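Trainee: I would like the entire structure built from these sequences, with the hints used as guidance.
Residue numbers (this note's numbering), protein chains in the order written: chain A, 1 to 504; chain B, 505 to 757.
Keep in mind that the hints are not guaranteed to be accurate.
As the list claims (entries may be wrong) - Computed spacing ranges between beta-carbons, pair by pair: (1) N682(B) with G40(A): 30 to 40 Å; (2) F184(A) with G535(B): 49 to 59 Å; (3) T603(B) with G40(A): 19 to 29 Å; (4) G560(B) with G185(A): 27 to 37 Å; (5) A517(B) with V155(A): 32 to 42 Å; (6) R48(A) with H625(B): 16 to 26 Å; (7) R238(A) with D698(B): 32 to 42 Å; (8) Y653(B) with I136(A): 49 to 59 Å; (9) G680(B) with V342(A): 47 to 57 Å; (10) G680(B) with R238(A): 30 to 40 Å; (11) I207(A) with G701(B): 57 to 67 Å.
None of these hints come from the bench; they were simulated from the model.
Fair warning: this is a prediction, and the values are worked out from it, not measured in the lab.
We treat Cβ as the ideally placed atom computed from N, Cα and C, and that holds for glycine.
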Amino acid sequence: MSTGIPTPSGPPPSISPQIGADEWVARAGERAIGPGGLIGSARRWLERTPQIVLLAGFVLLVALIPVLTSDEYLLRVATDTMLYVLLAVGLNVAVGWAGLLDLGYIAFYGFAAYLFAELSSPHYGLHWPTWATVPIVIVATILLGFLLALPSRRVSGDYLAIVTLFFGQIFVTLTNQGYRWDWFGFGKIHDITGGPTGVTQVDPFRIVGHQLTQVRDYLWVALGGFAVVAVALTFANRSRTGRAWRALRDDALAAEVMSVPVKWMMLLAIAVGAGVAGFAGSINAAYYQGVFPSSFGFPILITVYAMVVLGGAGSLPGVVSGAIVVNVLLEVLRTPDHARWVFYAAVLAGLVAKIRPRRLLAAILAALVAFGLVVNAIVGAVWARGTAGPIYIGGSDFTKHGWVAEVLRHWLVLPKNTYEIPNYQIGNYAFVLLIAVVLALTIVRGWRRYVLLVPAIWGTVFVWENRLIEESPTTRPLFLGVILIVLMATRPEGLFGKPRVEVV
Amino acid sequence: MSVAFGGLQVIHALDLHVDEHEIVSVIGPNGAGKTTVFNLITGVHRPDSGDILVDGESIVGLAPHAITNRGVARTFQTLRLFLNMSVKENVMAAEYGRTRATILESFLQLPHARREERAIHELAEGKLAFFGQRLVGYRWDQPAFSLSYANRRRLEIARATATQPRILLLDEPAAGMNPVETHEMTELIGKLRDDGGYTILVIEHDMHVVEGISDRVVALDHGFKIAEGSYQQVATNELVVEAYMGLRSAETK
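Mentor: Written as structure tokens, this is what we have:
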């Protein structure tokens, strides 16, 4: 066993060479994973702490939010985040555990929300009690999960993704068009889904005669549901079912030959995920007191996927933290003033993490400062208007905010927003230029790369301040995309996921 | 017990049977159809004609997992472990067909589900202990991808035995092993039959292994059975020598 394997950093060969070398080989994977800095130690801490303790701590923390603050906005963000946490945990069953690319997931969420809305709103005049409606909705969504997975059970991989994507899209179309449903062409038009305006005036939850009208009530409901779901799913994941899912993810043929009914396990994974989405959907309908087709479209699917992938598919604490990070980040990016801080922090963190040694980092930062000052001076000399622009954010003048604006004014080029040269044009040209510079960055090697990095960063800041910061609907997905690309390049297993091997 | 079938183009009217507690080796040059035979038996492929019987019952047309539940387990020539699962979990996963707890019972952690889970752990530990010190202790919790090549082969056999089979199909168990490991594997296969009580059908290229373990040898070439009998009979059979060495070698011999 020990033949021909060099052991540069292994235990000294004197201690039982056979075992030592064996062990060294066996620990190769572990070494490859490495400590990985802050995230690495956070992950090790997550792994050491029993899951039940983590869950209890998390539940306690979130449950206390409404006690600590009565800020309506904060509570809404917390509740939205909890809904996303539920969705991410449900999607993780199919995607993380069973390895199925289920792109129809949001259709289950939407179906549940619509079903709940129609059973408890003036739309049909039905006002079923919550204790009956929620279980009915969950069971119906699980059944729908089985039903939709049935035609997909023969396909896997990319084909499964395409088939399920079709179901996801057809749901949005059906809900948009469902207000003029004509059964079998008999000419009698039914309004089933309310069309683009959806179903409104949905009853709030009613639990033991108590109406849940406050935002914090829904936070608690979602949190309680999450606790139950997390415990149940953890047990399932440790059982034969969970092992069968993981076996099918790693090697479907081997799993089938090793007595796992692979097709049934695929159905089950998608249906269990649908069940969690069913619960989240019921909360959604009651919490927003209305359901609309646009709430269950492709962007939501991408967001939930980003949460699962970013957090680490397959790890429950991972996807929960992924959901929190992504939703809070997207919320922060909504306000340009906050987005600015996230942007600069991200740029700085990226530089600190990637540029070694520290001397080089200091040199690049110094060059960056000098570069900006020089460009500012030159542009200011030949074209005074080019540096005279105020820093606008959503109509309010940022110059009031003091030193940050002062620094930017002398370092960056901010053209004055005039009729002839609208800001956005310059921003757009710069954007194209920036893409070219970034492409060049990927091509050149050695010291040239560090030299090119300086104008690239400056250009990024230029585009950001002149264009992106005011366009939060564009900036948010862009930001998320950049984070995902960077993360996938450096850490394909996600923040807290375990690295996986495909073929060794 | 008999396993018999015939049909498919790559396999021409093959008639093969394995008796209980017998070790039968299948040999033949590359492309002779040996692995295809395994794929047919385990339901990965379906024969165009012919029948496959286990204990007198036909298993043709059943899904692979159902065939495994009838007592047929295999390993793969190309090693298909669940690489990202731990060593112990690999074995535990193969006990799926022999256990009953549903997902709802696992959700609620009902007493019999917990009992069953404990039994799964014990059985897996027992199956791994069969390989001496190779796959026990700290190895239990290591991911399968961290194992050495020889240990992966051992783990595949352990995983196959966890399905509690009557007949074990081993596809080149000694491929890629050094002489010491090959010798160990030869002993292990004998031990699987004697101590484990399995009936074994094995594909092997290494003639030392074939000689060491086989009660009976079946030689295949181009999907035809060209010889059957004891190792000595088959090894000296003209057709077999010809298939391996080419026509001229057989003539000069």
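Trainee: The structure should be examined with respect to each hint, and the outcome stated for every one.
Mentor: Structure-based check of all given hints:
1. N682(B) with G40(A): 30 to 40 Å: At roughly 36 Å between Cβ atoms, G40(A) and N682(B) fall inside 30 to 40 Å, so the hint holds.
2. F184(A) with G535(B): 49 to 59 Å: 57 Å Cβ-Cβ, so the 49 to 59 Å window holds.
3. T603(B) with G40(A): 19 to 29 Å: 36 Å, violated
4. G560(B) with G185(A): 27 to 37 Å: The hinted range 27 to 37 Å is violated for G560(B) and G185(A), with Cβ atoms some 57 Å apart.
5. A517(B) with V155(A): 32 to 42 Å: With Cβ atoms ~35 Å apart, the hint holds.
6. R48(A) with H625(B): 16 to 26 Å: 22 Å, holds
7. R238(A) with D698(B): 32 to 42 Å: Holds: the Cβ-Cβ distance is about 36 Å, inside 32 to 42 Å.
8. Y653(B) with I136(A): 49 to 59 Å: Distance hint for Y653(B), I136(A) holds at roughly 54 Å.
9. G680(B) with V342(A): 47 to 57 Å: 52 Å, holds
10. G680(B) with R238(A): 30 to 40 Å: 34 Å, holds
11. I207(A) with G701(B): 57 to 67 Å: The hint (57 to 67 Å, Cβ to Cβ) holds, given that I207(A) and G701(B) are roughly 59 Å apart.
When each numbered hint is compared with the structure, violations occur for hints 3, 4.
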